[in-house]
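Now that you have both chains on their own, put them together as the hints suggest.
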Amino acid sequence: MTNHLETSEMVLNMGPQHPSTHGVLRLILKLDGERVKSIECVIGYLHRGVEKIGENRTYAQFAPYVDRMDYVAAVSNGLGYCLAVEKLIGIEAPPRAQFVRVIFAELNRIASHLLWLGTSALDLGAMTALFYTMREREDVLKIFENYCGARLTTHAFRIGGLQYELHDTFEAELLAFCASFPARLDEYERLLTQNPIWVDRLKGIGILTAADCKAYAVSGPVLRAAGLPWDLRKAQPYSSYDQFDFDIPTGQNADSYDRYLVRIEEMRQSLRIIRQALDRIPSGPILAKVPKVLKPAPGEIYSSIEAPKGELGYYIVSDGSLQPWRLRVRPPSFLNLAALEKMAVGALVADVVAIIGTLDFVLGEVDR
Amino acid sequence: MATEAWQDPLSAALAATFPSSVLTRESFRGQPFALITPTAWCDVLSWLLLNHAFDYLADLTAVDFPQSPDRFELIAILYSFSANRYLRLKTRFPESFSPASLTPLFPAANWLEREVYDMFGISFAGHPNLKRILLPEDWQGFPLRKEKSILAMDQSWVQNHLGIKSGQ
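As you go down the protein sequences, you meet chains R and V in turn.
Position 367, counted from 1, in the first sequence is what our numbering calls 367; the numbers after and before it change by one each time, with no gaps.
Position 62, counted from 1, in the second sequence is what our numbering calls 430; the numbers after and before it change by one each time, with no gaps.
Quick caveat, the hints were computed from the structure, so don't treat them as lab data.
Heads up, some of the hints might be wrong.
Unchecked claim - When the alpha-carbon atoms are kept at most 27 Å apart in a straight line, the in silico BS3-like pairs for lysine-lysine are as follows:
1. 295/R with 516/V
2. 458/V with 516/V
3. 458/V with 52/R
4. 342/R with 499/V
5. 533/V with 295/R
6. 52/R with 499/V
7. 516/V with 52/R
8. 342/R with 203/R
9. 295/R with 499/V
10. 499/V with 37/R
11. 499/V with 30/R
12. 533/V with 52/R
Please read these numbers as outputs of a predicted model, since none were measured by experiment.
Excised from the complex, chain V in its bound form (with noise of 0.2 Å):
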């Protein structure tokens, strides 16, 4: 990625308060973001939150790396009213890797921690109600992980249900 070095003072305050914490600190088309370790995200997002008026977490969603041994990178997208500027928030951990949840810090992230659990099996520690939101309780897996294929699902549905070997 042709990213740029994410220089000011917000970032450098970043930096200097989570020295150990943040990991990288880049841009991307004029977009600021910082990776930093899974065991500080609650400490970096309250900070953020209470410290620079972050007080709007417009979206938290997750990607797939399967190749990586972090697999999993959480992305929490934020904003600030009195900034007006938005912010994202990564971190990358393991399978086995449990991260805090944010819902008592931003109730929004109720649900869009459940629709990640959902889609990609992680679970959040501290969660009041992790269950899946989107896909029936007895869905088996996780859809958005990356070896599911669309076109396995739909072959075996084609398969249990209508008895024939493909439907494409």
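Only chain R is shown next, with the shape it has when bound in the complex (with noise of 0.2 Å):
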């Protein structure tokens, strides 16, 4: 950012502590009246060293430290790296443990996506949304806690499959689940999808098309709501994906607005797998023969999957000893929000609140 200030021009510093970055995000906004001309992100205010610390542990000890990235998706990053490391060794989980991993990651695509209907309704100040999406969260949490003890940072599976049976009351606690949850549903649509608010603050607001999606390497329900029917679990299927029948969900403006269409209809899409993956879900083992020490050969392994944020890929290479040479994570919040000041400069101030949420970032992973 330059120093030089037209006189119509002012600085605006936005966060870090500020209620609509969903974290500390710190955006320094060069404002000619509401407008943005110019927007600079300031990141890595949580930065930990994950990549680092993943070269100082063993394959299993690093799997509870994914979990911290993404906090509130903590199963799908889970996944993501159990599937890499398996990938890597050549081994894959039995069909049980890959029918439980899927249930389990869509509860948490769920969730994901109630934590941001809720948080980004609040920024554009409709609160009620929030308590109610925290209501069904909830629910979801329950199962994840009941099941492994965690609610957010679960680290519900395990390199090889799963560690844990599924417990006695958990089909009874789904059930319940999927059976309410539509009307919950309905009830969000209810209250937001032809609110006029709601429909003014993020129509034809944020527009990224899906040329720039593809240039800045967006993925997710972003890039989707460009129109474009990208999703990993039918492109690359993985760990059963392609066993069950489901939609993907696009929209046609590239808006915030489709974004908030295309998460509702996400939820939909994955209730639907979990109810097929429920009722079809195999008996058998739960972990596959994983060696007790684990020492992968020289490779090297690119894995990504479907996250509730985007493509979310690991890329390890082996040198043949008990920790990674290399442990790199593809984060979809890093790349997604990249293309923030693509989409606006241009926008008033008012509208970089609605974008920042229907982005859908969580800094824990866009810092590492």
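Structure (structure tokens):
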């Protein structure tokens, strides 16, 4: 940013402690009146050196750390990491474990989208939605807690499958959630979808076209709202996703409102997957034969999954020792946030809040 | 590394178009990757983008091999929506070399290259805004280089700030 200012311009600092930046994000806005002329993101406040820690831990020791990146979607982080290490050592989780993983990953997608919906509605002044969505998110977190003892940083899976068999009340809890949730989703939609304030604040705001999404490597619901039906669960199926019937919701206008619609529909599709998985869950072992001491042969792999926020990838280089030589995390939030400049320049200050809200990033994952 | 040769039409086309720049074409666990000379970095990526629709730079990162004269390895993970496939391009160079920035080809490279610079100290020639992104401006050194040890960083912090010998 230049130090030179026109007489009508001013620099506004937003964050790092600002309620609508969803964590510790600092934005330096150069404004002409209410209009954003340039924007600079200052990130790194939550940098903990996750990739360096990865190089200093064994493969199994590092697994709980990944939960601390996107802490509202810890199950997806863990799934991506387990799949990456499994790919590196050339094993596959047993079918039962794959189905359980799908159920938990989709529950986590719902929980992540619910938190997004509540907080971004709160940013735009619709406080009620937060209380509604937190109520349903609580049901999901209860299921996590009953399964593995933790609500957020779950460490639910193990390399090669699962550590725990499903708890006795799991099916009843999940069925109760599946039965109640569709009506709740309709309830959110009644609150927001046709709400004139909600529509006015989001329609035509923060447009990021499909071409821009590709150029900025933006993934997840933001990319799909631009009309590109790209979802790694379909494009490069993992963990038995090819056995389930579900649609990829897309938008047409590539704006904030379409991102909202896409995420709402994604929750419905997640529910569809969960129902199918629960119906057909196979019996059998939950953990593949994994060596007690994990010492992958020298090699390198990249493995990515469709996390709630987009493509979450792990690039692991093994030198044949107990610890990875290099462990790189491809965070969807980091790359999605990089496109903020493209979307926010020319918008109003209030729109920046709406754009940040519907981008849906988590700073724990941006900074790692 | 127990790799296989990467054999398919794209691999052959890559070798035919850049006979002197493509050093190896391999595949591990079904994932293809090619090692190219650092001076051809931009040309090969541009060719893949324009002629083979690898239009999504999924990731760009580096690996440090301090024992090797070409200590840094730069890796671009590309994806093609039309072909639904991933491809990794890699190049190796010594500490003194500055690879060309990919930002003009892929806007996504802007932040990714800043992170590589921040963590490894690799400077990219032609990058529009090459400065630290995750670490504070006054941070000394580059943490993902192998000579930076977590233990030493921890000890120097507690010695300077708490006046104790070790925090472990």
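Hints, verified against the model:
1. 295/R with 516/V: 24 Å, holds
2. 458/V with 516/V: 24 Å, holds
3. 458/V with 52/R: 21 Å, holds
4. 342/R with 499/V: 19 Å, holds
5. 533/V with 295/R: 34 Å, violated
6. 52/R with 499/V: Distance ~20 Å between residue 52/R and residue 499/V Cα, so the pair holds.
7. 516/V with 52/R: 9 Å, holds
8. 342/R with 203/R: Roughly 17 Å between the alpha carbons, so the hint for residue 342/R and residue 203/R holds.
9. 295/R with 499/V: 37 Å, violated
10. 499/V with 37/R: 21 Å, holds
11. 499/V with 30/R: Status holds; Cα separation ~20 Å.
12. 533/V with 52/R: 23 Å, holds
Violated hints for the displayed structure, listed by number in ascending order: 5 and 9.
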